[in-house]
Amino acid sequence: EPEVTQTPSHQVTQMGQEVILRCVPISNHLYFYWYRQILGQKVEFLVSFYNNEISEKSEIFDDQFSVERPDGSNFTLKIRSTKLEDSAMYFCASRQRGGDTDTQYFGPGTRLTVL
Amino acid sequence: AQSVSQHNHHVILSEAASLELGCNYSYGGTVNLFWYVQYPGQHLQLLLKYFSGDPLVKGIKGFEAEFIKSKFSFNLRKPSVQWSDTAEYFCAVTSYNTDKLIFGTGTRLQVFP
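Protein chains in written order, with the numbering used here: chain A, 506 to 620; chain B, 16 to 128.
For the record, the hints were derived by calculation from the structure and aren't laboratory data.
Treat the hints loosely; a few may be bogus.
Each computed EDC-like pair below joins lysine to aspartate or glutamate, with the alpha-carbon atoms no more than 16 Å apart [what the hints assert, rightly or not]: (1) B:64 to A:607; (2) B:73 to B:114; (3) A:562 to A:549; (4) B:76 to B:103; (5) A:588 to A:506; (6) A:562 to B:114; (7) A:547 to B:103; (8) A:583 to A:607; (9) B:64 to B:81.
Quantities reported herein were computed from a predicted structural model and do not represent experimental measurements.
My request is simple: use the sequences and hints to build the entire structure.
Structure below.
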């Protein structure tokens, strides 16, 4: 069964550094998402992406964040200048258009630790 | 704003006990409802979902959930849990004008043999 994959599984970075989290959505999916979960808190929506543009973003998704689908298979989340409070588990998800239209399939997550 | 409440934060059961996890949401319009499960060290997996039709939905691994519109609830049930059901369970909702998932805080289930 096809799965969403994410790399790396764990990223440690210094405050102020840029990080790029990578996701490979399921191949015939057209809608892509990033969520995050700070330790002990809810899974929170960050951004949704369709047709090469952001379709919705939360207030968390400020100018420090950006998303890109650089090559038709990868979907990336960039944090320009990381802060301590960006430490969290980041989940990528994808959804197919048509059929099972409203089920989002999640990747295993990237644990980001900002020191 | 929409929100999802899961009142049971941590549930401890013995094998073969029955399970019911509560989920309430706060949106009055048309909603889609989901239960996701996260086994230790694994990613979020869909257990079951409700879009329309029969309010009693059956999912994988013997789980079911009932949508009660008048109570804004979508409780998850399993008649007899197994040790392998030990995991974190998340209720989530989307509504007609957005496809972002709004999650509850999750319920940690521990099942002892």
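Hints versus structure:
no., hint, in the structure
1, B:64 to A:607, "9 Å, holds"
2, B:73 to B:114, "22 Å, violated"
3, A:562 to A:549, "11 Å, holds"
4, B:76 to B:103, "15 Å, holds"
5, A:588 to A:506, "36 Å, violated"
6, A:562 to B:114, "11 Å, holds"
7, A:547 to B:103, "12 Å, holds"
8, A:583 to A:607, "26 Å, violated"
9, B:64 to B:81, "10 Å, holds"
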